[in-house]
Amino acid sequence: MDYASSDALDAGPRGTDMLLSHGARGVKVVIVGGFGVGKTTMVGAVSEIPPLTTEETMTQAGVGIDHNPGAEGKNTTTVAMDFGRISVNQELILYLFGTPGQERFWFLWNGIFEGALGAVVLVDTRRIEVCFEVITRLEDRRVPFVVAVNAFPEAPQHPLSELRSALALSESVPIITCDARDRASCRDALLSLMVYLCTLAAAQETA
Amino acid sequence: MTSENQDPWSEGTPVPLYVITGGPDSSAKAFNLVTLIATRSEPEPAMQPEQAAILSMCTYPLSVAEVSAYLSLPFSVVTVLLSQLVDDERVEAIAPVPVAAFPERGLLEAVIHGLRKL
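Residue numbers (the numbering used here), protein chains in the order written: chain A, -8 to 198; chain B, 227 to 344.
Isolated chain A, as found in the complex (with noise of 0.2 Å):
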């Protein structure tokens, strides 16, 4: 059997998307939420390269199965991670791995979140009581994160004020608005992350 002709084996990234710098490391950031979110679409807006997918042998697990109320028009489902990059520098590439919320996932959670900065927690405030596991499981793991509301423009608007008390947020978790389309606007919810771990880096210098 000829295995080298084989189309699958013949993949890999175009030039283009190859990382330039030997001796650069790796650092990751998840993004967790519901079906239909919006967080592969975050990791497009930001990524230098087409947004790629990582599974395990789990694939199709949702089908017939995901309830998707209020987001019927998403027709397929993630039920892997799909990611993106940034190179923050020569030395530095930064991972964005979107990641499903829901409880049968979270066996996968223990590899995503070893070693990630932090995570950004992405709300359709259609589907609000989809993050309160969520949130609960990144307060437990001690995961920092924000929350960043996808602003879906059919979605009820509510002041951030009253999302904060709805999710139960302390006062010192950052919330957000963000439109998951666009680069700037998910690059800011990244910015706000960033601040977020330096003033809880800060605080723990001064303890």
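Read the hints as simulated data drawn from the structure, not as lab findings.
Stretch-level coverage of chain B by chain A, calculated; a stretch enters the list once three of its residues show a Cβ under 8 Å from a Cβ in chain A:
#1 259 to 265
#2 278 to 284
#3 288 to 294
#4 300 to 309
#5 314 to 326
#6 329 to 341
From the three backbone atoms N, C-alpha and C, an ideal C-beta is built for every residue, glycine too.
Using the hints provided, position chain B relative to the given structure of chain A.
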């Protein structure tokens, strides 16, 4: 994502995964999704095609997640393949930046600087 053209199991992958990994006993080392893999030797004709493909694509470093995506193989399968390549010193695995309970300020400031340039 389970779009129709991305399901690697439906067709075109007749080889069971335990064959690709060389058996159930192969031990996967501690790879992170963002461990970077850099090729250290040329692929050889006798090599397993998946491993040869890894050597070809990692001429410039790529994360394990990217290798998994480009090969359309699950992360856990790729880590087994990579373990063998690391043992044979055919690739180098570059561990991610270690992140303690609270990341270092210098690291965060570098990321902030990089994001602002986007």
